[in-house]
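Protein chains: 2
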Amino acid sequence: MPKADRLSPGAVKLLQETQVANFTTLMPDGSPQITPVWVDVEPDGSQVIINTSVGRLKEKNLSRDPRVAMLVVDSANSHRWVMVRGTVVERDLVHAAAHIDKMAQKYLGQPKYPYRRGPEQRVIVRIKPHHITETGV
Amino acid sequence: MPKADRLSPGAVKLLQETQVANFTTLMPDGSPQITPVWVDVEPDGSQVIINTSVGRLKEKNLSRDPRVAMLVVDSANSHRWVMVRGTVVERDLVHAAAHIDKMAQKYLGQPKYPYRRGPEQRVIVRIKPHHITETGV
Numbered sequence: 016m017p018k019a020d021r022l023s024p025g026a027v028k029l030l031q032e033t034q035v036a037n038f039t040t041l042m043p044d045g046s047p048q049i050t051p052v053w054v055d056v057e058p059d060g061s062q063v064i065i066n067t068s069v070g071r072l073k074e075k076n077l078s079r080d081p082r083v084a085m086l087v088v089d090s091a092n093s094h095r096w097v098m099v100r101g102t103v104v105e106r107d108l109v110h111a112a113a114h115i116d117k118m119a120q121k122y123l124g125q126p127k128y129p130y131r132r133g134p135e136q137r138v139i140v141r142i143k144p145h146h147i148t149e150t151g152v
Numbered sequence: 016m017p018k019a020d021r022l023s024p025g026a027v028k029l030l031q032e033t034q035v036a037n038f039t040t041l042m043p044d045g046s047p048q049i050t051p052v053w054v055d056v057e058p059d060g061s062q063v064i065i066n067t068s069v070g071r072l073k074e075k076n077l078s079r080d081p082r083v084a085m086l087v088v089d090s091a092n093s094h095r096w097v098m099v100r101g102t103v104v105e106r107d108l109v110h111a112a113a114h115i116d117k118m119a120q121k122y123l124g125q126p127k128y129p130y131r132r133g134p135e136q137r138v139i140v141r142i143k144p145h146h147i148t149e150t151g152v
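Going line by line, the protein sequences match chains A and B. First residue of the first sequence: 16, per my numbering; consecutive thereafter. First residue of the second sequence: 16, per my numbering; consecutive thereafter.
With the rest of the complex left out, here is chain A:
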């Protein structure tokens, strides 16, 4: 279903699992950069959500150019995947510390995120899809 702007229930379900997302941003020269990230999703499929730290490469990239892309492939079934091209529509600093703990609960089964690097400032990044491809979901 290309060109949808909302994830289907099956795609939402994939992103609610402990899957790693492959997240692409654009470098200052416009070339692509890609990194593995934990992923969250609005239950209605309207936004995908990541949580990073202010000043990291991908955060600097998406703050400069909000055009991003994300691919989530089921680690147990490579024919089940969701691709999202979209735009960063919100950077939320206020709720980010609580949210990364929620992500730690999801991915690690731990109530507190254990990888904090000193005084890092977490940031929730909300992405509105404008082109979605879903396979096998």
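Worth flagging that the hints you see were computed from the coordinates, not collected in a lab. Check before you lean on any hint, since a few could be wrong.
The list cannot tell twin chains apart, which means a pair is met if one copy fits it or any two copies do.
[What the hints assert, rightly or not] DSSO-like cross-link-like pairs, simulated, lysine-lysine; straight-line CA separation at most 30 Å:
no., residue 1, residue 2
1, K73, K28
2, K143, K75
3, K143, K73
Please read all numbers here as calculations on a predicted model, not as lab measurements.
Starting from the known structure of chain A, arrange chain B on it as the hints suggest.
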């Protein structure tokens, strides 16, 4: 080991496994696009290799702008991954049909690629890394 231009032996080993690569190209407007692909690698780590069809979105993208990025995450261990930013340095039409059969052997255990779409023209795409990040390999 960021900024290396050659994959380490451990990274080569990861790409020699049946891992899915997450492959990013640039759309005509410069925004990123990402897709799952099978991946091959030169044993010396000097190039990563994919095989696609002429006229597909990613093939049109990389023919227009050779700047690409690829992330391979071990499907069994998300802390073991390799990221490559690089440039398409060769498009090989001549050996592509034999090569996609080699890929089918690797990924499917079948001697012939079973997904041909009529008269499609396969193409081997060779990518020279210019920035590599390796974790846990």
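Identical-chain pair category, K143 with K73, by Cα at 30 Å: both (17 Å within a copy, 22 Å between copies)
Within, between, both or neither: K143, K75 at alpha-carbon 30 Å: Both: 18 Å inside a copy, 25 Å across copies.
Intra- versus inter-copy proximity for K28 and K73 (alpha-carbon distance at most 30 Å): both (25 Å within a copy, 27 Å between copies)
Going down the numbered hints, you'll see the structure goes against none, and every one checks out.
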